[in-house]
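With chain A's structure known, arrange chains B, C and D on it following the hints.
As a plain string of letters, each chain reads:
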Amino acid sequence: MSSHLDDATYHKQVAAIWRATIIIAVVTVFEVGLALSHYFFFYHHPKAIINVFMVLATLMKAFYIIAEFMHLKYEYRSFIIILTLPLIFLVWLIIALSVEGTFWLRLIQ
Amino acid sequence: MAELLDENVISEHITLPAPNNNEGGEDTPFKVSYGKTMMWFFLLSDAFTFTGFLIAYGAIRMSKTWWPDPNVVFAGMPFLHGVNVPLGLVSIMTTILILSSVFVVRAVIEGHRMNQKGVAFWLFLGILGGVAFLGCQAWEWSHLIHDGMTPFYNVYHAGPEGETIKLALAEKAKTPVSPGPPMFGGSFFGITGFHGLHVSIGVVMNIVALIKTLNGTYQRRGHYEMVEKFGLYWHFVDLVWVFVFLFFYLI
Amino acid sequence: MVTSSTGEHALSMIGAGSHHKETFISKYIFSTDHKMIGKQFLYTGMAWAVIGGLFSVLFRVQLAWPDETFPFLEQIFSNWFDEGHMTPEAYYALVTMHGTIMVFFVLTASLSGTFANFLIPLQIGARDMASPIMNALSYWLFLLSSLIMLASIFLPTGMASAGWTIYPPLSILPQASSGSGMGMTLWLVSMVFFIASQLLAGINYISTVLNLRTKGMTMTRMPLTVWALFFTAIIGLLSFPVLFSAAVLLVFDKGLGTSFYLSDIFIGGKALGYSGGNAILFQHLFWFLGHPEVYIVVLPAMGIVSEILSLSARKPVFGYKAMILSLLGIVVLSFLVWAHHMFVTGMNPFLGSVFALFTLLIAVPSSVKVFNWLTTIWKGNIKMTVAAVFSLGFVSMFISGGLTGIWLGNATVDIQLHDTYFVIGHFHLVMGVAAFFGMFAGIYHWFPKMFGRFMNETLGYIHFFITFIGGYLIFWPMHYLGMSGVPRRYYDFNEFHAFSEYHDMNLLISVSAIVVFAAQFIFVINFFYSMKRGRKSTELNPWKVNTLEWTTPIIPGHGNWPGDLPTVYRWPYDYSKFEDGPDFIPQTVPLTEADIESDKKNLH
Amino acid sequence: MQILLIILAFVLVLVVILQVGKVVELVSVMRDEDERTEDTSNSVGFLFLLSGIVLGLFIAYTSYTEYGKFLPVSASEHGVWIQDLVDISLYITGIVFIITNVLLFYFAYKYRYRRNRKALYFPYNNRIEILWTVIPTLVLTVIIGLGLNKWFKIFSEAPTDAIQIEVTGKQFAWVVRYGGKDNELGKRDFTLSTVENELGVRWKDKVSKDDFLSDEIVIPVNTPVHVNIGALDVIHSFYLPEFRVMMDAVPGIPTKFWFRPTITTEQMREIKKNPEFDYELACNQLCGTGHWNMKKTVRVVTEAEYKKWFSEQKSYYKQNIAKIEGGASVDTDVIAEVNSSKD
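Chains as they are written, first to last, in our numbering: chain A, 1150 to 1258; chain B, 1413 to 1663; chain C, 573 to 1176; chain D, 26 to 368.
Just chain A, same shape as in the assembly:
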């Protein structure tokens, strides 16, 4: 929070932002490309593998947004840990409800 930023750091930061932007853009194009290619060319094939790739791509985008745009990468390590560690609860929520969701499908059928 120093109110004065020297020129070198400034240029470095701006460059980092644009680099992140480009990465996010490329990943997004890749994702949309995957989705559309499935729709146009492989419609009757299962989408599961593509879905995995798209989830990974999205996680990558999320990483760049959090790390660069939200500047978290440059905070103290303990602060990063405190903010990201609780996300394991979400991971467990997601796993548990996914298991339940597929189980409901089995029950209903």
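The calculated lysine-lysine pairs, modelled on DSS-like cross-linking and capped at a C-alpha distance of 25 Å, are: (1) K206(D) <-> K348(D); (2) K1443(B) <-> K1161(A); (3) K143(D) <-> K1173(C); (4) K320(D) <-> K281(D); (5) K599(C) <-> K1104(C); (6) K951(C) <-> K143(D); (7) K212(D) <-> K842(C); (8) K212(D) <-> K348(D); (9) K893(C) <-> K1172(C); (10) K281(D) <-> K1476(B); (11) K951(C) <-> K1116(C); (12) K1476(B) <-> K212(D); (13) K893(C) <-> K143(D).
Since the hints were made in silico from the structure, they are not lab data.
Same frame as chain A, but now just chains B, C and D:
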């Protein structure tokens, strides 16, 4: 009650200083101001809210054998009536929102340089992006509602081979269809609506920041931390969109 | 009143020449002083506790004397009684509201609201919360949500009556229960404000603890109360949002006709148009909040008890770091075990087994805490103040209630015991009575700091012994009922042969409940009487305690410390450290050679 | 009037207590603080110990008198397993309960305040703490291991020879349907639900034609019973305390539970020495104002009795539906096939 006022109680108060939150804590462990800490923890809790919504949608979707194909549902484009561009509009929306987020980061960086004009310029672009995003979303919603989609009714039905067919088209072609899950509309409107609400709040926050920047409030204060805090919120909105985009449009 | 005068005096010296007079309203109503906000939470919580307790007494009356008529109760509660009998509608509404009020308004908002607000800045050496305005706002939102909930009592269609867990479809369909109409709507609206209040408060507590500690107050020198309140805030911050999303989806189902939680409903001879949702989904989302919620309730009490046991025994709390780690362990595990409330909902048996495993693991940090408390008082020199006996009572209740958790967490045993009175007995001991005991201990202990006067000890002891013995008499027999299979939330047991056998036990429970409820008025009277007329506190540190709040003036003004903030040199538990020294060394006393020697020696 | 008197008496008692408190305090304030603390700690410490003893006696006495009643004799195969687990849990937690509580009350009394004593400075000892982290972990692992072993057995697939029963909860009753001669339940379709056909059974199906509804649940002893559980309106819970069976009935999601009854109603009457005893099915999930009243009798009979009873049952379709609709009309009944493949 005056009898309660012992001398010793009063005398303790003589030099009571004004509450000042930046005093003392030489020990802020993260070198992050309390304001930013608060925003971060708010965003953390908001991440839980959104995950709650998304996983509810996910669990419901997983318990279904069939779900409308987003490539068919989200193929409308403004100004291009009748032309199907799968995922066209939403790709534009995603681009707009991410760019808007980038603009706000630039504003934050300019804020660190105490560059009032720079902050105002980039913030303005950021706001423009937000408004454009909301505009696109409004168009998409009205398009879907026009098609007959409601939170409790789904016009996209499963065709004989599992393809997604709009009810009106199916009737025209006399194709037998089985009804699609009504929760498609509910979860789509619910979650994108909740996200849209966040975007709107973010736009308002950015406008407030812009006005204050133009007034020179932050310049006088000596730092642009408020822009940074609002910026964090704005990036979070972007972050959530990335996941909404994934789970509603791509998968 | 003493606070107003001193406060005025103090505040007139604060600030850049703003000499406006502190009026009653700005001092007591729209205050941003964390101590006043803490007291506001306390008063509101006490009012709610009386209402919630009254509700429980009313439905206990129904259970103990199902065949008698109570015309005099009908005179007062004419809505809820019919020809001297409580109506089933009223019974279920009262059960629901008792749970809601006690869990959310009393033990969540009021317990952590009071002590987090009052203690965090005082014990870490801060002038106020990180954002006093947000703090005040949090109280006002809580009050607003309270008033909305209170309004639902007067509805002609009745209060929400789907249980405090508001499981859909019962809570969504007004056809299924009259309370699920307007009553449930108000419940949901109230809860939205409540969640907002909790989030504002939680964010504030966390940033205050992280950022506003005074010089020398490292994280590992914080008293266990602050640690517990800090973890409580984190749990609240992470779990309430999920309740929010669950509630919003419920509102959609109720108002918009979506079917997130509803599917294939045939009621009142009509098939409703809901399709494709899942009622169990709500339970998952609800218990993702609901289970951490019980730790929100009990963690502050644990912190308070650790603190009070140590200072009463004039002995450092045993295993300070283990206490923190076990708190952390509880926090982490509390988020991984929610579905143990749902073993018999037809969930995936494999998933159930994982949840059962995690659930039993929670017993480990809990048992570490219990053993550490026992070691803390071992070879101590225990001053049996009222706060101390309440803390000891807490430990006993926590043991008794906690051990039955091992039964319930075991999924296989839960098949028999789920949703029976066994569960009621278990959680009332462990998070009802125990949490209340922590709260009472805290109030008796910090009363001099709050009001500059002591509470009457004799009344305190009477209050304690009635509540302690009464608490066991109420909740212990419930285990017997539960094991024989008596389900919870039954309006009348006479319908079933197996359940009606326990009438004598029900009678005992109800009579004890009435006595215990009446005994709480001893506390209320003691509280308000002592506020005005109690023995005055004349020393800065009447209990001879190490923590920072006792270095402030007897009644601190807004800003807490005159002059500079105190500097901290040591952990808060240096009691009886040296054979020949004083039996307590406040945190503000610099370390000496002897201290360093002693610390080395104790480093095992 | 009555209420006024009660309140008056209550207030009077409170005032008396308050006065006592005031007087005691006035007396005590005059004394030296240390001496006063020692005296109160003495008497309160003693009272605390006494209350512990009283509570201990209460717990011991009631668990002695109530023992016969709690945990009813288990009437199913897996019920015995649960019984064993409960016993193990009871021993382990009981021992811990007694030790910790005794220590608590004893320490509180033994180490009450003495003016001339100093507490022991004992801040931590990692070895002890590791010890009482590890031991509970091991004990709990054993408990959970034993528990999960049975858990998976209880929720295993039902044997193929199990009798198929369907129990559907509604406000506020249970509807019991048997699979009939083919021991197969007719499929249900929610879109067919009407007042006459609440369950929405597809009577068109051949398998549904021999299904019958029953006023009580009758099951043969020593034969596996597979209960298909469902609900029409809100969540109910299928609870048979003696059989240790509990499973929620959720609208829209079929759940199931299978068990093997081992004691007939007659035998249980002898065990309980209660000639009027009946197994009862209760609802265990709050389902509205009649929640406490959802009773259904369960009769466990011998194989022969069951066969006799079974042969007396008449197909619901023939009894009720065919009459209304006429045999032919049912078959031509237009049921939208599309609807049957509901999500």
